[in-house]
Amino acid sequence: MGKTLYEKVFDSRVIREVTPGQFQVLADRHLLNEVSSPQAFAALRERGLTVAYPRLTFGTSDHSISTQGDPEECDEKTAAIQIATMRENSAQSNIRYFDPRQGEHGIIHVIAPERGLVHPGMLVVCGDSHTSTYGAFGALAFGIGTTQVRDVLATQTMLAERLRVRRIDIVGRLAVGVYAKDVALYMIHRLGAKGGIGYAYEFGGNVIEQFSMEERMTLCNLAVEGGARCGYVNPDSTTYAYLQGREFAPSADQFTRSIQAWQAVRSDADASYDDRVVLRAEEIRPMVTWGVSPDQSIAVDDKIPSVAEAVRQNLGAFQETLDFMGMRPGQPVIGTRIDVAFIGSCTNARLSDFEAVAAQLRGGSFHVAEHVKALMVPGSREVRDAVIQRGLDQIFIDAGFEFRDTGCSLCCGMNADRLQGKQTCASSSNRNFKGRQGSPEGRTILMSPVMVAAAAIAGEVTDARRLFGIHDPSIGLAR
Amino acid sequence: MNMRITAIEASAMTLGGDDIDTDQIMPSRFLKWITFEGLERHVFEDARRQVSARGGMHPFDDPRFAGAGVLLVNANFGCGSSREHAPQALRRSGVRAIVGESFGEIFAGNCVAVGIPCLCVAGADAKQLQAHCEADPSSRVRVDLTAMSIEIEGAVFPAEMHAGPRRQLLDGSWDSLSVLLAVADKTKERVDLLEGRVHTTRVHRR
Chain A
0 MGKTLYEKVF
10 DSRVIREVTP
20 GQFQVLADRH
30 LLNEVSSPQA
40 FAALRERGLT
50 VAYPRLTFGT
60 SDHSISTQGD
70 PEECDEKTAA
80 IQIATMRENS
90 AQSNIRYFDP
100 RQGEHGIIHV
110 IAPERGLVHP
120 GMLVVCGDSH
130 TSTYGAFGAL
140 AFGIGTTQVR
150 DVLATQTMLA
160 ERLRVRRIDI
170 VGRLAVGVYA
180 KDVALYMIHR
190 LGAKGGIGYA
200 YEFGGNVIEQ
210 FSMEERMTLC
220 NLAVEGGARC
230 GYVNPDSTTY
240 AYLQGREFAP
250 SADQFTRSIQ
260 AWQAVRSDAD
270 ASYDDRVVLR
280 AEEIRPMVTW
290 GVSPDQSIAV
300 DDKIPSVAEA
310 VRQNLGAFQE
320 TLDFMGMRPG
330 QPVIGTRIDV
340 AFIGSCTNAR
350 LSDFEAVAAQ
360 LRGGSFHVAE
370 HVKALMVPGS
380 REVRDAVIQR
390 GLDQIFIDAG
400 FEFRDTGCSL
410 CCGMNADRLQ
420 GKQTCASSSN
430 RNFKGRQGSP
440 EGRTILMSPV
450 MVAAAAIAGE
460 VTDARRLFGI
470 HDPSIGLAR
Chain B
0 MNMRITAIEA
10 SAMTLGGDDI
20 DTDQIMPSRF
30 LKWITFEGLE
40 RHVFEDARRQ
50 VSARGGMHPF
60 DDPRFAGAGV
70 LLVNANFGCG
80 SSREHAPQAL
90 RRSGVRAIVG
100 ESFGEIFAGN
110 CVAVGIPCLC
120 VAGADAKQLQ
130 AHCEADPSSR
140 VRVDLTAMSI
150 EIEGAVFPAE
160 MHAGPRRQLL
170 DGSWDSLSVL
180 LAVADKTKER
190 VDLLEGRVHT
200 TRVHRR
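Chains A and B supply the protein sequences, listed in that same order. So for the first sequence, numbering that gives the first Met the number 0 puts the first residue at 0; every next one is plus one. So for the second sequence, numbering that gives the first Met the number 0 puts the first residue at 0; every next one is plus one.
Source of the hints: derived by calculation from the structure; they are not laboratory data. These numbers come from a predicted model, not from an experiment. Note that CB positions come from ideal geometry on N, CA and C, so glycine has one too. The reader is advised that the hints may include incorrect statements.
[Stated by the list, open to error] Computed from the model, here is a short list of chain B residues facing chain A with C-beta under 10 Å: (1) Asp20; (2) Pro164; (3) Arg166; (4) Asp170.
[Unchecked claim] Covered by chain A, according to a simulated footprint, are these stretches of chain B (three or more residues, beta-carbon under 8 Å): (5) 13–19; (6) 71–78.
[Claimed, not checked] For lysine to aspartate or glutamate, the following DMTMM-like pairs were computed, each having C-alpha atoms within a straight-line distance of at most 20 Å: (7) B:Lys187 to A:Asp10; (8) A:Lys421 to B:Asp45; (9) B:Lys185 to A:Glu354; (10) B:Lys185 to A:Asp10.
Can you build the whole structure from these sequences, using the hints too?
Set out below in C-alpha cells:
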C-alpha cells in the first residue's frame with residue numbers, strides 16, 4: 000500500500016511519539032511576523048532560553064505596516080512598537096529579517112516563496128493561519144499559535160497529531176474568466192467552512208496539474224477557510240521550474256539531486272485516502288460571497304438563497320447575516336453597490352493577479368466608479384517592482400486605482416487601510432468575517448481580482464465576463 | 000510543570016451559532032500589543048456592541064451568566080485566524096473549559112496552551128446542554144476529562160477530545176516546552192541530517 004505525501008512528510012519529521020497519537024515533529028522552516036511572535040520571544044527570555052535554530056527561522060513585519068510613505072509610519076503607536084520589537088528580536092537572535100527599511104518586505108506568504116524558502120517535502124510553520132499557502136510546493140505547512148511559536152523558537156519542534164487526508168480532484172476544463180480563486184471558493188462552498196476539520200486537503204486532477212505555482216498558492220491559501228489545517232499539491236515540473244535559481248533554493252549543482260528527493264515525496268499512485276471528492280471544472284463560474292463565512296457564496300449570476308432555501312440548507316442566523324450584509328433573500332447579488340475595492344492579500348496579490356486584471360483594463364476606457372475607492376496592494380516589494388517594470392502600475396492608475404506599497408493592508412484592517420462604518424468592499428482577500436476589514440460593521444464580498452476590478456468600475460457587483468467581454472472562443476460569448 | 004486539569008465544575012454560558020471566528024472573539028485592532036495582558040476587556044467587543052445596539056444582550060454581558068467558567072458553543076467555534084489572543088482573552092475572562100460540536104483546529108490547539116480543554120459533543124447534545132443552561136443559568140456543569148463526559152442537572156453527555164491534548168491536561172504537562180526540550184540532542188541530529196541532504200545557497204538571484 001502506497002503513502003500520501005502527507006504521511007511521508009509527517010513521518011519523516013517525527014522526532015518521537017510523546018504519547019499514543021501525539022508526535023513531536025521537526026519544522027524545516029519557521030516564519031515569523033510582528034503580531035504573533037513578540038509574546039513568544041518574551042516567554043523565551045523569561046525562561047532563559049534562546050532561539051535554537053536561527054538559520055531555519057525567517058521573519059518580516061507585514062500585518063501593521065503602512066502602504067503609503069514610510070512603511071513603519073504606523074497610525075497607532077502600539078503597532079510601531081510591535082514592528083520595532085520584531086526587528087530587535089530578530090537582530091538579537093540572529094534571525095534573517097526581511098526589513099521594511101531595506102525594502103525587502105512584503106506579506107510573509109508572498110516573500111517566502113519568492114525567495115525560494117519553501118521546498119517540497121518540508122514542514123513549515125508560522126504564527127498565521129494562511130501558512131497553508133506553502134502547500135502549493137508540496138510542503139506540509141500550517142498555522143500555529145503564539146505558544147507554539149515559542150516552542151518552535153526554543154526547540155525547532157512542536158507537538159502535532161496526524162490529520163486525515165482528503166483527496167480533492169478538480170477535473171475537466173475551466174471556462175475563460177474563471178480563476179483559481181473561483182475554484183477555491185467553489186470548493187469551500189461545496190464542502191463547507193467546517194468540512195475540512197481534521198483533514199489535510201490534497202488537491203489534484205488535470206486542472207490543478209495545469210495550474211501555475213501562483214494559482215496553486217491561491218488555492219492552498221484558502222484550504223484553511225474550508226476548515227482544513229493545510230492543503231497541498233504534489234510537486235511536479237512546474238514546482239521545480241519555479242524554484243530553480245531562487246535565493247534559498249538548492250544550488251545549481253545540487254538541483255538535480257533535490258528533484259529526485261522531491262519526486263519521492265509525491266503521493267504514491269496506490270496511496271489510500273480517508274476521503275475523496277471530485278469537482279467538475281465545467282460547473283465553476285465566477286464566485287462571490289454574500290455572507291460572513293467563506294462558504295456563503297454563489298456564482299455571480301445566481302441569486303442569494305431564499306428563506307426557504309436557507310431553511311433547506313440549514314443556514315444558521317440567515318436573516319441576521321443578510322441584515323449585517325445589507326442584502327435581501329432571493330435577490331441577485333449582481334447590482335450590490337460597493338464603496339471600496341481591494342486587490343491584495345496573501346491570497347491574490349502576486350504578479351499574475353495584477354497581470355490578469357491589467358489584461359482586462361489595458362487599452363480600455365474603463366474607469367473606477369466615482370463613489371468607489373479602489374486600492375491595489377502588491378504582495379511584496381518584488382511584486383511591486385515587477386508591476387512597475389512591466390508598466391502595469393500606470394494601467395491601474397489610469398483606471399483610477401490607488402497604487403500602494405506592499406502589506407497585508409485592507410485584508411485584516413491592522414494598518415490605516417480600513418473600512419469605515421457600513422462600507423461594502425469587493426475584495427480579493429480571504430475572509431468575509433464580520434469586522435474583518437477594520438470596521439465592526441464593514442461588509443466584505445470575496446471574489447477574484449478580475450471580478451474586484453469589474454466591481455470597482457461598475458460601482459457594484461457585476462459579472463466581469465460581461466463587463467470586460469471575456470469570452471471563450473470555443474463556446475461563444477459568456478451568458 | 001503546570002497543574003493537572005481533570006475536571007471543571009462551574010456555571011456555564013451559552014454562546015450559540017456556528018462558525019464563530021477568532022476575529023469575532025478578538026478583533027484585530029487589539030492585536031497590536033506585545034503582551035496578552037488586559038485582552039479580556041475586549042473579548043467579543045464588536046459583537047457585544049452590535050447585539051446591544053439591537054436591543055439585545057450578548058452572553059458576555061448577560062448578568063445571568065456572570066462568573067461562568069464553561070462556554071457552551073456549537074460547530075466550528077474559533078475558526079479562522081490563528082491568533083492566540085482569542086483563547087488568551089477567554090482564559091483571562093474566566094473561561095476554564097469549552098464544550099461544543101466542533102472547533103477550529105488551530106484554536107483548539109491554542110486552548111491547550113492556555114489550559115482550556117475543548118471537548119466535542121454531538122450536535123444535538125450541544126443544543127441540549129445549551130437548553131439546560133438557558134433554563135437555569137445557575138446550574139453547575141461538570142466537565143470531566145477522566146470520564147470524558149459533561150454533566151448538567153443529572154443529565155450526562157459523552158464527550159470526545161484528541162488523546163494527546165487530553166493526556167497533557169490530565170497529567171499537567173500542557174506546558175509543552177519542557178516536554179519538547181527533553182530531546183534537544185535528538186532534534187539536533189535530525190536537523191544536521193536534513194541540512195546535509197538539501198543544501199541551500201544564499202546567492203542573490205538576478
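Proposed proximity, B:Asp45 with A:Lys421 (alpha carbon, max 20 Å): 13 Å, holds
Within 8 Å of chain A (C-beta), three or more residues of the stretch 71–78 of chain B: holds (count 4)
Given hint B:Asp20 near chain A, where the shortest CB pair must fall under 10 Å: Interface hint status for B:Asp20: holds (5 Å vs cutoff 10 Å).
Restraint status (C-alpha distance of B:Lys185 to A:Asp10 at most 20 Å): Holds - the C-alpha atoms of A:Asp10 and B:Lys185 are around 15 Å apart, at most 20 Å.
Interface restraint verdict for B:Asp170 against chain A (beta-carbon cut-off 10 Å): At 9 Å from the nearest chain A Cβ, B:Asp170 passes the 10 Å test, so the hint holds.
Closest C-beta approach of B:Arg166 to chain A relative to 10 Å, hint status: Check passed: Cβ of B:Arg166 comes within 5 Å of chain A, closer than 10 Å.
Satisfaction of hint between A:Asp10 and B:Lys187, Cα-Cα up to 20 Å: 17 Å, holds
Given pair status - A:Glu354, B:Lys185, alpha carbons within 20 Å: Violated. B:Lys185 to A:Glu354 sits at ~47 Å, over the 20 Å cutoff.
Verdict on chain A covering the stretch 13–19 of chain B, where coverage means 3 or more residues with a C-beta closer than 8 Å: holds (count 3)
Interface restraint verdict for B:Pro164 against chain A (beta-carbon cut-off 10 Å): 8 Å, holds
Going through the hint list in order, the structure does not satisfy hint 9, though it satisfies all others.
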